[in-house]
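With chain L's structure known, arrange chain U on it following the hints.
This is what each chain is made of:
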Amino acid sequence: MIFAQADEPFVRWDWIGRNLDDLWAATQEHIILTAIAVGVGLVISLALSIVALRWRKTYTPITWVTGVLYTIPSLALFAFLVPITGLTRLTAEIGLVSYTLLILIRNIVAGIDGVPGSVLEAARGMGYTPRRMFIDIQLPLAMPVIIAGVRIATVTTIGLVTITALIGQGGLGFFILRGLQFFSAIGTTQILAGTVLSVLLAVAADLGLLGLEKLLTPWAKHKAAVG
Amino acid sequence: MIRLTEVTKTFPGTSKPAVDKLSLSIAEGEIVVLVGPSGCGKTTTLKMINRLIEPTSGSIMLAGQDILSMPAYELRRGIGYVIQQIGLFPHKTIAANIATVPNLLGWSKDRTDARVAELARLVELSPEFLNRYPGELSGGQRQRVGVARALAADPPVLLMDEPFGAVDPIVRANLQDELLELQSRLKKTIVLVTHDIDEAIKLGDRVAILSEGGHLEQYDSPDQILRNPANGFVADFLGSDRGIKRLSLITISEIKLDPGPVVPRSATRQEAAAVMARYDIGWAAIGDGTEVEGWFRAADLEGRDTLEHVVAREFQIRLSPTDSLREALDAAITSHSGMAAIFDGDRYLGIATVDDISREIVQ
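Residue numbers (the working numbering), protein chains in the order written: chain L, 1 to 227; chain U, 228 to 590.
One chain only, chain L, in its complex shape (with noise of 0.2 Å):
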């Protein structure tokens, strides 16, 4: 914003005026991104999470390769992923699934983990087999936790996909990039758009699956006294 002119008015309310289609496009791109980068990752997540609960001595392993994906700069494995996959929507969504894989498998492994060891004696006791005693007893317990990580996962996604903007992807980083090319107020207003309606997504995203947790986990408002 110190490039724009004295003259000129922070924000061209008009440049928005003519460019609602373009940012409800990018919007809807945003989200798509987004939505893959956190369903393929959850998927990628749990199965990797099995793995680790069922052979305890993967775990470590596992947390440590996601851990060095999720340090890795953005930038630098989108310039390794472009020789390869080029700048297509396809090396977005490695970069971005890969930066879920740590949050996401570390809180299903501590959700799971977290389920009293009383109940599960109970339900092995009543004649549970494992593999139903995964499904109808410790993925449901482990929701709030699982969800916990999902929120996570999905803000900061939403924050990562402006980066992918830089291969041509981007959804809503489409309108920063390019604003960051403006010494002008349609500059700071093409940021500012960008920016805010991300928060926004970001916002609407975290809030939208807090209310999917209370609506998945009616009982948990009175779990703690439970024991």
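I should point out that these hints are in silico values taken from the structure, not numbers from a laboratory.
C-beta atoms are modelled at their ideal positions from N, C-alpha and C, and glycine is treated no differently.
Errors might be hidden in some of the hints.
[Said to hold, decoys possible] Simulated restraints on C-beta separations:
| hint | chain 1 | residue 1 | chain 2 | residue 2 | range |
| --- | --- | --- | --- | --- | --- |
| 1 | U | E408 | L | L120 | 30 to 40 Å |
| 2 | L | P130 | U | E255 | 28 to 38 Å |
| 3 | U | K336 | L | G67 | 20 to 30 Å |
| 4 | U | G333 | L | P116 | 42 to 52 Å |
| 5 | U | K336 | L | P61 | 43 to 53 Å |
| 6 | L | V65 | U | K414 | 54 to 64 Å |
| 7 | L | P61 | U | H442 | 44 to 54 Å |
| 8 | U | T241 | L | P61 | 23 to 33 Å |
| 9 | L | L120 | U | D432 | 29 to 39 Å |
| 10 | L | L120 | U | E345 | 41 to 51 Å |
| 11 | U | A400 | L | P61 | 51 to 61 Å |
What follows is chain U alone, placed relative to chain L:
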């Protein structure tokens, strides 16, 4: 019904067996209580019956079948299981919790619903609780749900691992009474683990006293164990008050009651004083035969010649013939007079004195 033969369990990484060559036979329809100090292998023994723990060697037969001859989950669906922490599923309603085994067995919804309603009545759980979650119930209610859940598919055998260990003493006594009441109707084969010898005496048709390493020290009826402890270990475990403990096995109706210091309304002061003197106490009851209005103190007669205008006080502690001598002893001691008044409904039956009761301890 259940027969353990030379059952041994050695946990990995230990040299001494937790249970060593234990043989035990449990008849159909009886409550057998496994009791002993911690480390005696009582819980391990219980869990080997439903294969939550697999024995290292030896055999366990249930209803004539080797328990290893079927998949563990199938065996468990046919055995009720109740644990101390109850382990209700917090994410399922009470109805769904009770329906656990019927659901695993694939019962139809109608049959399951009918059974859940029946069980709620059986354990005296109000139907309004059925749609609530375990977190909304008190400890005693949750334990009742735990029992209902274990009984859901009407298993012939019930395993209970310290089922009443986590509730306060008053609730525990109630739950114990309810279990006995339930058992008098259902006639299940029940194996119950506890570390509380009083609970074992109260609940067990037979009590198995185990010492460290799963050694069976004595296996007999509570009465026999209290009368004739097999060895020093058993005598120590029962405690020096085992004579008093035995009183909880005898009901008041089994002893001869003293008519007590009862005087009619028409009695004079002298007559009343004579009765009190005979019992060497400072009070007497007003009444005739089984009709007793209440009691009065010697001081209430001050300045009167007859009992005509004496106000009868109510008996604070009224015991019934089905109460145990243990309760009679507690009442007699706390009443200061050394006596407990026994009523059958409104009918006065007499009194039990500390002397009468202690005679039973000596026998």
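Each hint tested on the structure:
1. At roughly 31 Å, the beta-carbon separation of E408(U) and L120(L) lies within the given 30 to 40 Å, and the hint holds.
2. Distance hint check for P130(L) and E255(U): the Cβ-Cβ separation is about 32 Å, which falls inside the suggested range of 28 to 38 Å.
3. Taking the beta carbon of each, K336(U) and G67(L) are about 47 Å apart, not inside 20 to 30 Å as hinted.
4. The hint said 42 to 52 Å for the Cβ distance between G333(U) and P116(L), and at roughly 27 Å that hint is violated.
5. A beta carbon spacing of about 45 Å between K336(U) and P61(L) agrees with the range 43 to 53 Å that was offered as a hint.
6. One distance hint, 54 to 64 Å for the beta-carbon pair V65(L) and K414(U), holds here, with the actual separation near 59 Å.
7. Take P61(L) and H442(U): their Cβ atoms lie about 46 Å apart, and the range 44 to 54 Å holds.
8. Between T241(U) and P61(L) the beta carbon distance is about 31 Å. The supplied range of 23 to 33 Å therefore holds.
9. At about 32 Å, the CB distance of L120(L) to D432(U) agrees with the hint of 29 to 39 Å.
10. Look at L120(L) against E345(U): about 28 Å separates their beta carbons, and that is not inside 41 to 51 Å.
11. For A400(U) paired with P61(L), a C-beta distance near 54 Å keeps the hint of 51 to 61 Å intact.
Of the numbered hints given earlier, the model fails hints 3, 4, 10; all others are met.
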